[in-house]
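Residue numbers (this note's numbering), protein chains in the order written: chain V, 1 to 96; chain G, 1 to 96; chain Z, 1 to 96; chain D, 1 to 96; chain H, 1 to 96.
Think of the hints as simulated: they come from the structure by calculation, not from any bench.
Take the hints with a grain of salt, since some may be wrong.
Identical chains blur together in the list; that is why a pair holds if it fits in one copy or across any two.
Said to hold, decoys possible - The calculated DSS-like cross-link candidates involving lysine-lysine, where the alpha carbons are at most 30 Å apart (straight line), are:
no. : residue 1 : residue 2
1   : Lys-5     : Lys-70
2   : Lys-5     : Lys-95
3   : Lys-95    : Lys-18
4   : Lys-90    : Lys-5
5   : Lys-5     : Lys-39
6   : Lys-39    : Lys-70
7   : Lys-23    : Lys-33
8   : Lys-39    : Lys-90
9   : Lys-18    : Lys-33
10  : Lys-18    : Lys-90
11  : Lys-5     : Lys-33
12  : Lys-23    : Lys-90
Given the structure is predicted, the values throughout are model-derived calculations rather than measurements.
So you can see what is in the structure, the chains are spelled out below.
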Amino acid sequence: MLIAKVIGTTVSTIKDEKLVGRKLLILRQTDEKGEPSGKPYVAVDTVDAGVGDLVLTAAGSSARQTNITKDTPVDSVIMSIIDSLEVDGKIVFRKS
Amino acid sequence: MLIAKVIGTTVSTIKDEKLVGRKLLILRQTDEKGEPSGKPYVAVDTVDAGVGDLVLTAAGSSARQTNITKDTPVDSVIMSIIDSLEVDGKIVFRKS
Amino acid sequence: MLIAKVIGTTVSTIKDEKLVGRKLLILRQTDEKGEPSGKPYVAVDTVDAGVGDLVLTAAGSSARQTNITKDTPVDSVIMSIIDSLEVDGKIVFRKS
Amino acid sequence: MLIAKVIGTTVSTIKDEKLVGRKLLILRQTDEKGEPSGKPYVAVDTVDAGVGDLVLTAAGSSARQTNITKDTPVDSVIMSIIDSLEVDGKIVFRKS
Amino acid sequence: MLIAKVIGTTVSTIKDEKLVGRKLLILRQTDEKGEPSGKPYVAVDTVDAGVGDLVLTAAGSSARQTNITKDTPVDSVIMSIIDSLEVDGKIVFRKS
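For reference, chain V alone in the conformation it holds in the complex (with noise of 0.2 Å):
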């Protein structure tokens, strides 16, 4: 899984039919103190995530082993929100 920081959201009308209802967030993948860098990437939200939010996301088929994202052509989904970070014995990131 990627540490992501969310830092927005994609409006779609004319899109799959299973991606109906779907939240489509953008991302950026992070360094493990959530320091955001890269291009950015597009994930389905299934744990109610916002902007501003350190997520954990997983990818390929493992994308579509939600109940929301079952069979949807998906292949990133968010699938935790993060509290905290311990690095080496330290905390570097708690969700503020």
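For this one, chain V is given, so just place chains G, Z, D and H on it according to the hints.
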């Protein structure tokens, strides 16, 4: 999913029989404002996208979860045309 | 899918039994004009492609969705020979 | 599989129900001597690994082939703790 | 598939039960002449490869399509030992 811009089209006479009648478009991944960069890739269109559209593409086995791509040897599908993108509370892209 | 140029061939005596009789070609990914770059990769040919051809390759489980590659341990397949590529309204590649 | 070092832990209250009770560790890919580099990623632990361990992780659908990860939305699993690595006839890493 | 050189071996006592008895080798991707570069990765051997051999590896779910790797949590498999590589009409690698 990746945010990508449709930049062109492909023509192939010789192809796997399951690809007959499928529209294969050339795309470039973009940033969250729709600015493309990097190498092109090709995806099957399932939403009647055209050159210049900003779209979402799903990769891998997820690309086969539409009625059009089921059981076909394709690893990328356009499953949504983007109307608008909002980042940090601002609209950064709106379809013209 | 990736746009790629066939640059060579591989010969292997010792291989998984499901690969016997399969043609494994060496490719390089190209840009939209057919200019190759980057590290080579190897794909199973299903369309009688030859050295010099510009082709499309599909990766991952999608590579096993042809009659020739079903259930075989291959993660890349040539499923189309490109006749022409059009970008922004101009033909940028035409098979010679 | 990737050679990776366990560098930390994640805590999440809000997550997909299939992830309850799963231990999600933070890792960095390493070279063959166990020196980490690059962005962190997160994997499910199935072998009781701890911070500082050098491990192997499997990605994608392969990450769901253990009793602990079956049918769960995870795309990376720790499936082995490395005792030693030998390169070109020399032991380059040994677990302390 | 990737062209890769076997550079070493791994030893693990603690591992997923499906991996018992499997040989996990360390590899580096190479160019078309067999020159390795980049970070190492680990693959299951199914063809009795040894250190120094140039091989092909298949990744993802395709890595589980051999008798040895079926249903196991591995995402890379050595499925062929390369005898020779020919690029642009010239033999650029021949097994010694």
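Against the structure, the hints come out as follows:
Taking CA atoms no more than 30 Å apart as the test, Lys-5 paired with Lys-70 passes in both settings, with 24 Å inside one copy and 27 Å between copies. Proximity of Lys-5 and Lys-95 under a CA criterion of 30 Å is satisfied in both settings, with 12 Å inside one chain copy and 25 Å between copies. Taking the shortest Cα distances, Lys-95 and Lys-18 sit within 30 Å of each other only across copies (22 Å), while inside one copy they are farther apart (32 Å). In this assembly of identical chains, the alpha carbons of Lys-90 and Lys-5 lie at most 30 Å apart whether taken from the same copy (20 Å) or from different copies (17 Å).
Taking CA atoms no more than 30 Å apart as the test, Lys-5 paired with Lys-39 passes in both settings, with 12 Å inside one copy and 14 Å between copies. In the homo-oligomer, the alpha carbons of Lys-39 and Lys-70 lie at most 30 Å apart both inside one protomer (26 Å) and across protomers (29 Å), since each shortest distance falls under that limit. With identical chains, the CA atoms of Lys-23 and Lys-33 are at most 30 Å apart both within one copy (26 Å) and between copies (19 Å). For a Cα distance limit of 30 Å, the shortest separation of Lys-39 from Lys-90 qualifies both inside one copy, at 28 Å, and across copies, at 18 Å.
Within a single copy, Lys-18 and Lys-33 get their C-alpha atoms only as close as 35 Å, which misses the 30 Å cut-off; across copies the closest is 26 Å, which meets it. Taking identical chains as interchangeable, the C-alpha atoms of Lys-18 and Lys-90 lie at most 30 Å apart only when they sit on different chains, with a minimum of 28 Å there against 42 Å within one chain. When the C-alpha separation of Lys-5 and Lys-33 is checked against a cutoff of 30 Å, the pair qualifies both within a copy, at 11 Å, and between copies, at 17 Å. For the identical chains of this complex, Lys-23 and Lys-90 are inter-copy neighbours only, at 18 Å across copies versus 34 Å inside a copy, given an alpha-carbon limit of 30 Å.
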